[in-house]
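2 protein chains.
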Amino acid sequence: MGQFEQATVQKKANIYYDGKVTSRTVTLQDGLKVTLGIMLPGVYEFGTEGPETMEILSGELKVRLPGAEVWQEIKGPETFHVPGNSKFALEVFTVTDYCCSYPDKL
Amino acid sequence: MGQFEQATVQKKANIYYDGKVTSRTVTLQDGLKVTLGIMLPGVYEFGTEGPETMEILSGELKVRLPGAEVWQEIKGPETFHVPGNSKFALEVFTVTDYCCSYPDKL
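Chains A and B supply the protein sequences, listed in that same order. Heads up: the first sequence begins at 133 in the working numbering, then just goes up one per residue. Heads up: the second sequence begins at 133 in the working numbering, then just goes up one per residue.
Please note that a few of the clues may not be correct.
[As the list claims (entries may be wrong)] Straight line, CA to CA, 25 Å or less: simulated DMTMM-like cross-link-like pairs of lysine to aspartate or glutamate: (1) B/Lys144 / B/Asp236; (2) B/Lys143 / A/Glu177; (3) B/Lys144 / A/Glu210; (4) A/Lys194 / A/Asp150; (5) B/Lys143 / B/Glu187; (6) A/Lys152 / A/Asp162; (7) B/Lys152 / B/Glu210; (8) A/Lys152 / B/Asp236; (9) A/Lys219 / A/Glu187; (10) B/Lys165 / A/Asp162; (11) B/Lys152 / B/Glu223; (12) B/Lys143 / A/Glu201; (13) A/Lys152 / B/Glu210; (14) B/Lys144 / A/Glu201; (15) A/Lys143 / B/Glu192; (16) A/Lys144 / B/Glu201; (17) A/Lys144 / A/Glu181; (18) B/Lys143 / A/Glu210; (19) B/Lys143 / A/Glu187; (20) A/Lys207 / A/Glu223; (21) B/Lys144 / A/Asp236; (22) A/Lys194 / B/Asp150; (23) A/Lys152 / B/Glu177; (24) A/Lys144 / B/Glu187; (25) B/Lys143 / A/Glu137; (26) B/Lys194 / B/Glu177; (27) B/Lys143 / A/Glu181; (28) A/Lys219 / A/Glu177; (29) A/Lys165 / B/Glu137; (30) B/Lys143 / A/Glu192; (31) A/Lys152 / A/Glu223; (32) A/Lys144 / B/Glu137; (33) B/Lys207 / A/Asp150; (34) B/Lys143 / B/Glu205.
Keep in mind that the hints were calculated from the coordinates and are not lab data.
Chain A on its own, in the form it takes in the complex (with noise of 0.2 Å):
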């Protein structure tokens, strides 16, 4: 699916890491949220609140994910799930598109 229609898009950004992490925050016509972002090389952790999909539309990274013990290799298009409550660690090789959303956000 290349585009989300009937959406809601908020205009401001969300800006992390001095702006090498970003995303727009999309709700989409079923009430599901997601992010559409950009990430740019480097070695990045995120929390979570509640569980999240991340897809990985194009770009190169590793992912360690809780309470694993090895980094695992992302090659998009290619997604990855991450429990709420909880930390992921990213190391970003190339720029990356993602879309993360959040099911329970519904």
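Got chain A sorted already, so can you dock chain B onto it with the hints?
Chain B in isolation, oriented as in the chain A frame:
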């Protein structure tokens, strides 16, 4: 206006200058095309097809408009206009959040 409603959002990002400038294309309910974007500090040049309205939501930069001798200081929230079929130069000082609209793309 903090958000666009009933809009169509392209999932895939527009990526320029190795990710230092990125945006998402949004088509509004009335058919107007806009791009919601981020510029990291740096010096850039862009070309226009049709006229463009650059609404700087936040951030500090200076712009040299086509045919202008001097640079214009811009501090969001502030808007400037660029004629069609022209080039404009930007020097971005802080992470800049913008909304560019394309009036003749109605």
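- prompt: Honestly, which of those hints from before does the structure not fit?
  reply: Of the numbered hints given earlier, those the structure breaks are 6, 8, 12, 14, 16, 34, listed in rising order.
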